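Assemble chain V onto chain A, guided by the hints.
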Amino acid sequence: MKVKTREDLDKLRQEGLKSLYPDKLKITVGMATCGIATGAKRVFDALADEVEKGKFDVVVSQTGCIGYCQREPLVDILAPGRERIYYKEVTPEKAVQLLDVSVAGEAKEDWALFRMGGEENLIEERTIRYVESQHGTRDNKIPQYKEFPFFEKQVKIALRNCGFIDPERIEEYIAKGGYYVLLKVLTEMGPEEVIEVVKRSGLRGRGGGGFPTGIKWASCRNAHGEPKYIICNADEGDPGAYMDRSVLEGDPHSVIEGMIIGAYAIGSHEGFIYVRNEYPMAIKKLRIALAQAEQYGLLGEDILGTGFHFTIKINRGGGAFVCGESTALMASLEGKVGEPRAKYIHTVERGLWDRPSNLNNVETWANVPPIMARGADWFSSIGTENSKGTKVFSLVGNINNTGLVEVPMGVSLREIIYDIGGGIPDGKRFKAVQTGGPSGGCIPQELIDLPVDFDRLTEAGSMMGSGGMIVMDESACMVDVAKYFVDFLQEESCGKCVPCREGIKRMHEILEDITTGKGKEGDVELLEEIGFILKEGALCALGSTAANPVLSTINYFRQEFDAHIRDKRCPAGVCSELITYSIDPEKCTGCGRCVKACPAEAIVGEKKQPHSLAVEKCIKCGSCFEVCKFDAVIRQ
Amino acid sequence: MITLTIDGREIGAEEGWTVLKAAQNVGIEIPTLCYHEALSSSGACRLCSVEVTTKRGRNRIVASCLYPVEEGLDVQTNSEKIRRLRRGLMELLLARCPNSQKIRDMARHMGITEPRFRLEGEECILCGLCVRVCQEISEANAISAVNRGIKKEIAAPFYDLAETCVGCGGCAYVCPTGAIRIDGNRIRLGDKIFKELSPEEVKKVEEKLEAKERVPEKG
Chain A
1 MKVKTREDLD KLRQEGLKSL YPDKLKITVG MATCGIATGA KRVFDALADE VEKGKFDVVV
61 SQTGCIGYCQ REPLVDILAP GRERIYYKEV TPEKAVQLLD VSVAGEAKED WALFRMGGEE
121 NLIEERTIRY VESQHGTRDN KIPQYKEFPF FEKQVKIALR NCGFIDPERI EEYIAKGGYY
181 VLLKVLTEMG PEEVIEVVKR SGLRGRGGGG FPTGIKWASC RNAHGEPKYI ICNADEGDPG
241 AYMDRSVLEG DPHSVIEGMI IGAYAIGSHE GFIYVRNEYP MAIKKLRIAL AQAEQYGLLG
301 EDILGTGFHF TIKINRGGGA FVCGESTALM ASLEGKVGEP RAKYIHTVER GLWDRPSNLN
361 NVETWANVPP IMARGADWFS SIGTENSKGT KVFSLVGNIN NTGLVEVPMG VSLREIIYDI
421 GGGIPDGKRF KAVQTGGPSG GCIPQELIDL PVDFDRLTEA GSMMGSGGMI VMDESACMVD
481 VAKYFVDFLQ EESCGKCVPC REGIKRMHEI LEDITTGKGK EGDVELLEEI GFILKEGALC
541 ALGSTAANPV LSTINYFRQE FDAHIRDKRC PAGVCSELIT YSIDPEKCTG CGRCVKACPA
601 EAIVGEKKQP HSLAVEKCIK CGSCFEVCKF DAVIRQ
Chain V
1 MITLTIDGRE IGAEEGWTVL KAAQNVGIEI PTLCYHEALS SSGACRLCSV EVTTKRGRNR
61 IVASCLYPVE EGLDVQTNSE KIRRLRRGLM ELLLARCPNS QKIRDMARHM GITEPRFRLE
121 GEECILCGLC VRVCQEISEA NAISAVNRGI KKEIAAPFYD LAETCVGCGG CAYVCPTGAI
181 RIDGNRIRLG DKIFKELSPE EVKKVEEKLE AKERVPEKG
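Respectively, the protein sequence lines represent chains A and V. Counting with the numbering used here, you get residues 1 to 636 for the letters of the first sequence. Counting with the numbering used here, you get residues 1 to 219 for the letters of the second sequence.
The following block holds chain V by itself, in its conformation from the complex:
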């Protein structure tokens, strides 16, 4: 058992937990976009950034979804620096995806309504959850991130139908912005069609997605 402090509260955590898990365990909310408890952490969205001070006095900002708990760690999840960073991140994401309801809601919550940058019309925030669910849960490896930097996008090999897609719909299920969706019998991300589903597959996937709608989201 490890003891650490989060926002002034002394809490216990198990060895090997991340700071995010330790916080969630005691009901302290830290915003996330690229995190899912069933998947490995990636540290892509940086929204879960927190300020940590180690026992030796080193202070820095880390991604709580990856930072392992340690004895005597002092964590600030909502310091001015952290709020400033999160507002900046949300402003960047809102400029990328101004039409995403989820992103707009999160941004508004932090006081951002009009980004100071030119608006793009993307839906995908490149959080990579779809790729991880496809690798780690479905073990299909049907889609991946392609290219790098500003050209990065999620696609199936050669922008074709994904040969190894099993049609589970996991990618659509975890997608935080709804960029990947089931459109008729197709799993698609914008113009890219990953899979054409059989009527039975469509039914199964739709049931799962409906079930997700009914469960109030955590965090």
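Same shape as in the complex, but just chain A:
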């Protein structure tokens, strides 16, 4: 069937509503990559097996990532007229028990994470209630979704459907208001009008640079030359970042609908999604979504019967970080080596195959349908003066609640790390947060109240980047952290221009010296000088921002560099060449745990007598330090 009218869409919506909210018990497993990694597939199969046996009359469904990756696999149960209950860390055995309990109308309070009385339909600005009133609300200890600290401060726009719909069912996307926006745009709005809304919304590119999306679209529309291309950058490669993957796995149609709207506004008929091949599930979901959109006439020829045509092809990246840079991405799309070129003539004028090309990243595209549905004023009412809307972050590292969060621009790092992230595990002290990936920087404890938006992060010497947020506690050595990012970059630099190829290599060389006790006076100044060469001289943004992790750590943690260089000491006890282990005879009880743990047989001692550690045999692995229950192992 080809959808041509609102009534056609309504039919699909009815089907979607039936599968979203069936008239019997529905059990849904979070099956994004994060869920699968912790065993969601086994949980799903166990449930499907049980249902196959005919014992239960229930629907088993899958969804994307709701964001709380710390407690996966997550399973939620929705019974007609009752609250939806989310369960954490579900195993196949637990899942089957949950079926039993739920069919009987009960809940497993101990395993539950939170409950939900209804869900938001962001596009249509309404709430879908699972329970009509307090009736049907269980009197129990399970916290409410909106009172659950991880979700309380989140505002979901790009992630609006992630964790709520089956990404393989276009009908469910439509039931949440999807593709109605496209119908409205194609039938009621002119291309310039669309661009005007995007401009007024204040949307800025979510891929890192933060360029105003509406201005980019207008430049591409006004550029001379045909054909024009639309590109979705899904080559997410920052260490610790997986925002785009989650959107593609959980709600691929939001990106596709955004791209079609963009194509209409710009006057393009050909689009590409450049997605890294390391995201096999995202690619699979995208393929299914594209096929469904084509089948219903939402993509391809004569979209929604309006005569507008637009196609999307998937192009898989071969695993080069630099291909996330727009010109390198376009070179790669052309079949050439993925190397950036100078952008003195912008890609909106001469991009892919030298034609006007409009590239936005996954999250930017996913923001487009809500903006068109709810209007520029609604979007620009969220966020700060120059950074509108929300931003998705992947919160990783030394943090209690690892996960994917979407917050309004302008919330503070403290709110993200402590209120949403739940703070630092094991009672340790927060030290720094790395934002913006290898192009970003480390923001220290002193700036924890910094409001997070494009401009403030840049002022602090970091950047928004695509949204990776790596939290570090006191056990992190900042020189070592800087070295990690520089090591990543020297592998991932394309090697074309001298500052990036030679400069990053030399930064790594110096940092390697510093962390192994060979640092000397003047090293920090030399690092800063290379930073200047990179910032001013490099050909592309990968190179010109490559020094940020080093410069920001020097700026905020200079004393740690000095301790390594002057005192040959690593204050955090990370750089193995600079630390020694010994045993405090006063504290040692002679329990022997360290003797068993030591792989180098460096620790000897009689039972119940203080042990001793032979420094010449010690390989500084830290195993003894980890296992000692009496703090008797000293690390200096």
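Treat the hints as calculated values from the structure; they're not laboratory data. All of these numbers come straight from a predicted model, not from anything done at the bench. There's no promise every hint is true.
Selected chain V positions facing chain A (Cβ under 7 Å, derived; list incomplete) [said to hold, decoys possible]:
id : residue
1  : Gly43
2  : Ala44
3  : Cys45
4  : Ile61
5  : Leu66
6  : Leu85
7  : Arg87
8  : Gly88
9  : Leu92
10 : Arg116
11 : Leu119
12 : Arg148
13 : Gly149
14 : Phe158
15 : Tyr159
Glycine included, each C-beta is placed from N, C-alpha and C at the ideal position.
This is chain V only, laid out in the frame that chain A set:
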């Protein structure tokens, strides 16, 4: 005709020219390593960086071999910032290729004799001129850059003899450091042999290279 200012001098340039071409046209020298007038520009070496201020007041450093001239542009080819950048670039290149006479001369000219980094023994600076001449002039596509980042190097496919090499010697001719050379009957870059030439080919290539020696270099 476009009017712009380079180092305080008002000059004319044709639409579509680069800043480097406009400067060279009036005899203003800008150092280059990866540029050749017969080939497309790449912007790899960054030595030709200049400071530009647009009519709207935007100031930044750009590669002059790629930046198109525009009306009212103010160009500084030798500001303190530019000298600092070039010295840094030459120090990095000298540490990579301490034995290259060309690199040593250019570095010394900018006051660099001892780089502060560990010395490597490379000859090739990866300017890519050889690859471009092979693609754009010889149309042989016999050699290319392989790998990326610190592992990047110039090689023929599979590190074998280059099947499509026509033996023109263009790569050796444009190589600014002499890293690619004709060694007996072989075109080689370090250990990598691109082509084994016939005696006639050797003679032709040698004549061309000798002719190059006799012509004083520009810029």
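(request) For the hint on V/Tyr159, just tell me whether its beta-carbon gets within less than 7 Å of chain A. (result) 17 Å, violated
(message) Checking hints one by one. Is V/Cys45 an interface residue toward chain A, by the C-beta closer than 7 Å rule?
(response) 5 Å, holds
(message) Does the closest beta carbon of chain A sit nearer than 7 Å to the beta carbon of V/Gly88?
(response) 4 Å, holds
(message) Can you verify the interface hint for V/Gly149: is its Cβ closer than 7 Å to any Cβ in chain A?
(response) Because about 4 Å separates V/Gly149 from the closest Cβ in chain A, which is inside the 7 Å limit, the hint holds.
(message) The hint names V/Arg148 as touching chain A; please verify it with the least Cβ-Cβ distance against 7 Å.
(response) 5 Å, holds
(message) For the restraint on V/Arg116, tell me whether the closest CB of chain A is nearer than 7 Å.
(response) 6 Å, holds
(request) Have a go at the V/Leu119 hint: is there a Cβ in chain A nearer than 7 Å to its own Cβ? (result) 12 Å, violated
(request) Using Cβ atoms only, decide whether V/Phe158 comes closer than 7 Å to chain A, and label the hint accordingly. (result) V/Phe158 check fails; min Cβ-Cβ to chain A is 16 Å, beyond 7 Å.
(request) Have a go at the V/Gly43 hint: is there a Cβ in chain A nearer than 7 Å to its own Cβ? (result) 5 Å, holds
(request) Under 7 Å, Cβ to Cβ, is where V/Leu66 needs to be relative to chain A, so tell me if that hint holds or is violated. (result) 4 Å, holds
(message) Next item in the hint list is V/Ala44. Is there a CB on chain A closer than 7 Å to its CB?
(response) Cβ of V/Ala44 sits 5 Å from chain A, so the hint holds.
(message) Restraint: V/Leu92 near chain A, CB-CB cut 7 Å. Satisfied or not?
(response) Nearest chain A Cβ about 4 Å off; hint holds.
This entry does not satisfy hints 7, 11, 14 and 15, going by the numbered hints stated previously.
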